[in-house]
Amino acid sequence: MPWVPKRPLWKRFGERSRGFFLKLRELIGHHEIIRGLQSGLLSGNLAHSFLFAGPSGIGKATVAHRYAQALLCTNPQNAGPSQLGCQQCAACHKVELRCHADLQWVEKEEGKTRISVDQIRELTRFLSLTPMESNWKVAIVDDAAQMNAAAANALLKTLEEPPANSVVILVTCRPGVLLATIRSRCMKYYFHALSEDDFARILMEKVDLAHDQWETVRDYSEGDLGFALRFVQEGQLSECHQLIQEMEQLVRAGSLGKLCEVAEYWSQANRFALAQFVIRQWIMEKVRDCVTSESRPQRVRAWLTMETFANEVFSLAETNNINKRLLLEGIFIKVLRISGAVL
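Residue numbers (this note's numbering): 1137 to 1479.
Since the hints were derived computationally from the structure, they do not count as laboratory data. Be aware that one or more of the hints could be misleading.
Listed next, with one range per pair, are the computed distances between beta-carbon atoms [unchecked claim]: (1) G1176 - Q1385: 16 to 22 Å; (2) R1319 - R1261: 19 to 25 Å; (3) R1319 - A1409: 30 to 36 Å; (4) G1216 - L1182: 18 to 24 Å; (5) K1342 - T1441: 33 to 39 Å; (6) T1210 - E1341: 31 to 37 Å; (7) Q1224 - G1176: 35 to 41 Å; (8) C1235 - R1257: 18 to 24 Å; (9) E1258 - V1423: 28 to 34 Å; (10) L1452 - Q1213: 45 to 51 Å; (11) E1246 - G1216: 32 to 38 Å; (12) K1470 - P1267: 51 to 57 Å.
Glycine residues also receive a C-beta, built at the ideal position from the N, C-alpha and C atoms.
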């Protein structure tokens, strides 16, 4: 009897990886940033470009979306004290649906590894047009660190000479990757992760979790509330446990061939984010098991080194065009070697 199912979980789980990291739609926290944006709206002293930076999944893109609503809203006087935009007018609803004529949302296209120069050129052309339904043209560049070099340089030219009545909002969890000249031309807002108490309160309000499950989700999500909600609501908590166990079986069996098959499958653009998540959690569990079981120091050091290695190569993959299949195979080979040395 084979030790993995005919259609292993790593394939079934991978089929659902598109949209795996859900963006948070509800505006939660970040009160000081919202007050700062509201103050600029009231005074009329608006910057042409903004940089929203901070950890993944904490609401940066949501605030950018809401700020676009505030700029394009036709009834701003009806906005509540903690709101950006009234959320009731036709303009706010159009922004919510991303179909407002004066809003453009730029993000990495499906199947692509970077935001292209053609996308930024289209953004520049869009901003140069006269507003059709409002007084502003608004462009949001989500995950702006994904711009390739040509796109970044094209955007810089636009920021240096912004068209009248235009606003560009750059959203990123890696501001250091952006050109320093781009950062210097933006009004910067740095977002911080929700406190553990707020994270727990909001998560428990929205989903039914036992206390031990909450701790697992907290560890897996690393403060990413949008991911945590999707993770629980789609029943992926138990699946992820099973998937890590399945990967552990492959390692214990020394099945390099099967692990290379996993690497090939997960190297595809729409599955690679899932691969990073699962591998990071898998290694993190190994580190935690070593510490809690009071393992030999060399065992702990081996898995800590593996954790550092995985984080470094995944960071490299985000900023360089490298072969993701070979990257994953390299990680699996290193895991096999460590496991053979310390188990």
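- Message: If I claimed the Cβ atoms of R1319 and R1261 lie 19 to 25 Å apart, would that claim hold in this structure?
- Response: Holds, since R1319 and R1261 (Cβ atoms, about 24 Å apart) stay within the stated range.
- Confirm or reject the claim that Q1224 and G1176 have a C-beta distance inside 35 to 41 Å. violated, 22 Å
- Quick one: are R1319 and A1409 within 30 to 36 Å, going by C-beta? violated, 25 Å
- Query: CB of T1210 to CB of E1341, is that within 31 to 37 Å?
  - Reply: Hint holds: Cβ distance 32 Å, inside 31 to 37 Å.
- Regarding G1176 and Q1385, is the given constraint of 16 to 22 Å on their beta-carbon distance met? At roughly 55 Å between Cβ atoms, Q1385 and G1176 fall outside 16 to 22 Å, so the hint is violated.
- Task: Starting from the range 33 to 39 Å, see whether the pair K1342 and T1441 falls in it by beta-carbon distance.
- Result: holds, 38 Å
- Query: CB of E1258 to CB of V1423, is that within 28 to 34 Å?
  - Reply: violated, 45 Å
- Message: Holds or violated: the 32 to 38 Å window for the beta-carbon distance between E1246 and G1216?
- Response: For E1246 and G1216 the Cβ distance comes to about 36 Å; the hint holds.
- Take the C-beta atom of L1452 and the C-beta atom of Q1213, compute their distance, and say whether it sits inside 45 to 51 Å. Given a distance of about 50 Å, which is inside 45 to 51 Å, the answer is holds.
- Query: Range hint 51 to 57 Å: satisfied by the CB atoms of K1470 and P1267?
  - Reply: Cβ of K1470 to Cβ of P1267: about 54 Å, so the range 51 to 57 Å holds.
- Item | Outcome of range test on Cβ distance (G1216, L1182; 18 to 24 Å) | holds, 21 Å
- Task: With respect to the beta-carbon atoms only, verify the hint that C1235 and R1257 lie 18 to 24 Å apart.
- Result: 22 Å Cβ-Cβ, so the 18 to 24 Å window holds.
When the structure is compared with the earlier hints, violations turn up for hints 1, 3, 7 and 9 and for no others.
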